[in-house]
Amino acid sequence: MKVTITINGQDESHDVEPRQLLVHFIRDTVGLTGTNIGCDTSSCGACTILLDGESVKSCTVLAVQADGASLTTIEGLAAADGTLHPVQRAFHENHGLQCGYCTPGMVMAAVSLIQEQPGLTERGVREGLEGNLCRCTGYHNIVKAVLAAAAEVGA
Amino acid sequence: MSILGTRVLRVEDPKFLTVGGTYTADLPLDGVVYVTYVRSPVAHARITSLDTSAAADAPGVIGVYTGADVDLAPLVGVMGMAPPAMARPLLARDVVRFVGEPIAAIVAEDRAQGEDAAEQVVVEYDLLDPVIDAPAAAAGGALLFPDHGSNVAISIAAMGGSTEPDPNLFDGCEVLVRQAIVNRRVAPCPLEVRSAAARWEADGRLTFWVSTQTPHGARNKVAEVFGLAPELVHVITPDVGGGFGAKVGGYPEELLVVWLARQTGRPVSWTETRSESMVGLGHGRAQHQVAELGGTRDGRIEAYRLVITQEAGAYPDMGSFLPFLTRSMLPGVYDIARQECIWTSVVTNTTPVVAYRGAGRPEAAAAIERMVDVFADEIGVDPTEVRRRNLIGNDRFPFTTPVGSTYDIGDYTTALDKALEAAGYAELRAEQSRRRAGGDRVAMGIGVSVYVEVTGAAGPTEFGAVEIRPDGSAVVRTGTSPHGQGHATAWAMIVSEQTGIPLDRITVVHGDTDLVPRGQGTMGSTSLQHGGVAVLEASQSVVEQARELAANLLEASVEDIVLDTGAGRLHVAGTPTAGRTWAELAEAAQSRGGLAAESDMTSQGNTYPFGAHVVVVDVDTETGKVVVQRVVAVDDAGRILNPLLVEGQIHGGLAQGIAQAVLEEVRYDPDGNPLTANLADYTFVSAAELPSFETVAMETPTPLNALGAKGIGESGSIGSTPAVQNAVVDALSHLGVRHIDMPTTPERVWAAIREARP
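From first to last, the protein sequence lines stand for chains A and Z. With the working numbering applied, the first sequence corresponds to residues 26 to 180, in that order. With the working numbering applied, the second sequence corresponds to residues 315 to 1072, in that order.
Next comes chain A alone, as it looks inside the complex (with noise of 0.2 Å):
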């Protein structure tokens, strides 16, 4: 089936096959590796992006489903000149990544967090994250830098 997505602004036609999904689409297909798998079980949330300005798990949707749609991934979330998202920013200034593999998607789940909760506090952060797994920094860091954010943003 032929499918048009928009990535980062770009859009991308290409035939799938309708058991494709949206996270092959994006990693195999289009060629952005910068979206991780980790799992099978959508339990992970290494893949989070943005569908239509929402995080979604982009191994729970087809790629048929997300024909017309507009996806952000991690490669287009800076700004155009290359400044930092202020969720990346806070993300470096807090330590809040260490192997990097889940960093994709927590960001992304995290700029969509801070969009739909204003006021975000610490325990809505760790509920509003509870999707998407790290290993490597029992969390401390990632909460301390969403926080940061949400401060920033709402400010």
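These are calculated hints, taken from the structure and not from any lab test. Take these hints with a grain of salt, some might be off.
Said to hold, decoys possible - EDC-like mimics (lysine to aspartate or glutamate), calculated; alpha carbons at most 16 Å apart, straight line:
{"no.": "1", "chain 1": "A", "residue 1": "Lys-169", "chain 2": "A", "residue 2": "Glu-118"}
{"no.": "2", "chain 1": "Z", "residue 1": "Lys-939", "chain 2": "Z", "residue 2": "Asp-754"}
{"no.": "3", "chain 1": "Z", "residue 1": "Lys-732", "chain 2": "Z", "residue 2": "Glu-1008"}
{"no.": "4", "chain 1": "Z", "residue 1": "Lys-939", "chain 2": "Z", "residue 2": "Glu-1003"}
{"no.": "5", "chain 1": "A", "residue 1": "Lys-27", "chain 2": "A", "residue 2": "Asp-40"}
{"no.": "6", "chain 1": "Z", "residue 1": "Lys-329", "chain 2": "A", "residue 2": "Asp-40"}
{"no.": "7", "chain 1": "A", "residue 1": "Lys-169", "chain 2": "Z", "residue 2": "Glu-1008"}
{"no.": "8", "chain 1": "Z", "residue 1": "Lys-329", "chain 2": "A", "residue 2": "Glu-100"}
{"no.": "9", "chain 1": "Z", "residue 1": "Lys-329", "chain 2": "Z", "residue 2": "Asp-818"}
Once you have looked at the hints, place chain Z on chain A.
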């Protein structure tokens, strides 16, 4: 001002935050084909027929291979110390011994085609009795390897020790407590699963990309298995998405990628699924312990015995060696006159056990710290007081324990004091009394641990090299293999400190065996104290060379040349105008082979970081649910190079340790079917189940290396686990609960409360 000890942000971060890392599965390889493994769905069986014909004819399939096709020798585990009869074939032959054991390999044009074809492989099995329970395996019964004659893979007898307990060990003890403890099997779960790719080059060399902690170890293993000279094997570890000990060594699935590339003549790539990883990547811990501790009525510990039955899994790997490490940390931080550790590792029809964050040491700390609490409960003395009465004093270091470990330096009392003060221990006990008196349904528990661990055991040496380029930048090559630890930042800080070259002009190269000649990789909390020291030594050699060169060029004596690290310039003392920049010196050195130095540092011995943790939990006495409310951690790993990186390591370790104490557990049914073989069923800890951590810095530099650094990678997972477990038991002590095995799940806690109540 020195850059060391400051919170330098990571130079690694920008890539991960803007385009993502480049992991092995991300590599664009021309003409690549993909491997899918067919795995055993049963724990123990004889393969009576294996029909691959339909799979071979499936669309996109290039080849299907079984154990009968593989002409490589089976792998003898535990660095060759395991019984040869227990060697692991790369693909199962005749018998399968755990759910998930690979029995056939399919190479296909794309991944989906490989998975489709795998479903068409028809295997018939004749089921054999499964051996799942380790104590039962030790007792005999069904054997995994009848040729070997028992299920024992290795025991302390192989190390010259006795397997017979000393009948007089507890003579004279007024009090003797005894507790059976299961330190359960857990899954390491790096976020990136295993992944490897191989390509045989036209010149006969092999390029092997693999997600590992040990690139040179992988090179040597491949060279050994395929009968190649090591220099013909080029191993590259691109970004690695976590390892935690489980990515040390070479797995059969990875080695087969090399073999399949040779069979097919194509570049071959393999990335497992998470469900495969949960049964294929090695597991951790899995120790069955019986602990006995004896002492005086007023709290002096006199004797301690730990008897360990270690689950090795179906084929002995690093896991069967873990009790050796447990034994090395047997008494923890306590001065105990008589002690004994007897251990046996047995094979069971389960996933092989390997190293996992702490690897044998968390098991030691969990046992002794639990037993001190059981002892304290028995004699009715506060557990912190019992600890205080038995801690090894500051004047005793270096201290050699009865099991032969020599602790370099320690200040355990201060660590305990700091932790208790930061936690507000007295106030916590008062609050607990108030809540108990008020009949609170949610019971408050306070748990304490004081721990010591051995680090630096990855190898006796490490490689480091520093080269100054003619443009004044520096290139560092290291034998360590970071996968999140931040060596690119840390090593650059060391070089910058020595040379004055700014961080953004220093590049750290690792994980490529053509660019770095040798290395131990990253494991065992070793990298800074070995790899960092090698980089320090190489930096110092380069500075020395530069001073000689500058002296030559400036016609001064070497003694008169000083390095201005602020300006990154060497000049004649007292005459700053008479000098040369790093770029000028490197340029001048071009004709004589450049400005560069290497070091193969020599370890002066293992180091023993230590600390104390205090944990506060709430336990719902009606549902058994445990909520970890506070975690206070004092971790002393010697001199701190970068507090940001150190705290990150502590946080990660704490989370894994807490997860083991309250949540995570690999479970099998009696037939050996895994019940936790994906991330929906395995209770991988999330942000929602953890509090923020209260870390307290403490620095007692080791005298054993020039950086004064000990390891910090595993401490968090060693101290936190017993503190959490002790807190849960403490919460319920007034109900008569004396012990609950980890993880303290609602079911286990609820059952313990029921059992304790009359």
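message: Just to be careful, I want the Cα atoms of Z/Lys-329 and A/Glu-100 compared with a cutoff of 16 Å; is the pair within it?
response: 10 Å, holds
message: Please verify whether A/Lys-169 and Z/Glu-1008 have alpha carbons no more than 16 Å apart.
response: 13 Å, holds
task: For the pair supplied as a hint, A/Lys-27 and A/Asp-40, confirm whether the alpha-carbon distance does not exceed 16 Å.
output: 4 Å, holds
- request: With a cut-off of 16 Å on the C-alpha distance, tell me whether A/Lys-169 and A/Glu-118 pass.
  value: With a Cα-Cα distance of about 10 Å, the restraint between A/Lys-169 and A/Glu-118 holds, given a limit of 16 Å.
task: Starting from Z/Lys-329, check that the Cα of Z/Asp-818 is at most 16 Å away, please.
output: 14 Å, holds
- request: Decide if the proposed pair is consistent with the structure: Z/Lys-732 and Z/Glu-1008, CA atoms, cutoff 16 Å inclusive.
  value: Distance of about 12 Å is within 16 Å: holds.
message: Just to be careful, I want the Cα atoms of Z/Lys-939 and Z/Glu-1003 compared with a cutoff of 16 Å; is the pair within it?
response: The given pair, whose Cα atoms are some 11 Å apart, holds under the 16 Å limit.
message: Check the hint pairing Z/Lys-329 with A/Asp-40 against an upper bound of 16 Å on the C-alpha distance.
response: 31 Å, violated
message: Against the 16 Å threshold, does the CA-CA distance of Z/Lys-939 and Z/Asp-754 hold or violate the hint?
response: 14 Å, holds
Of the numbered hints listed earlier, the single one contradicted by the structure is hint 6.
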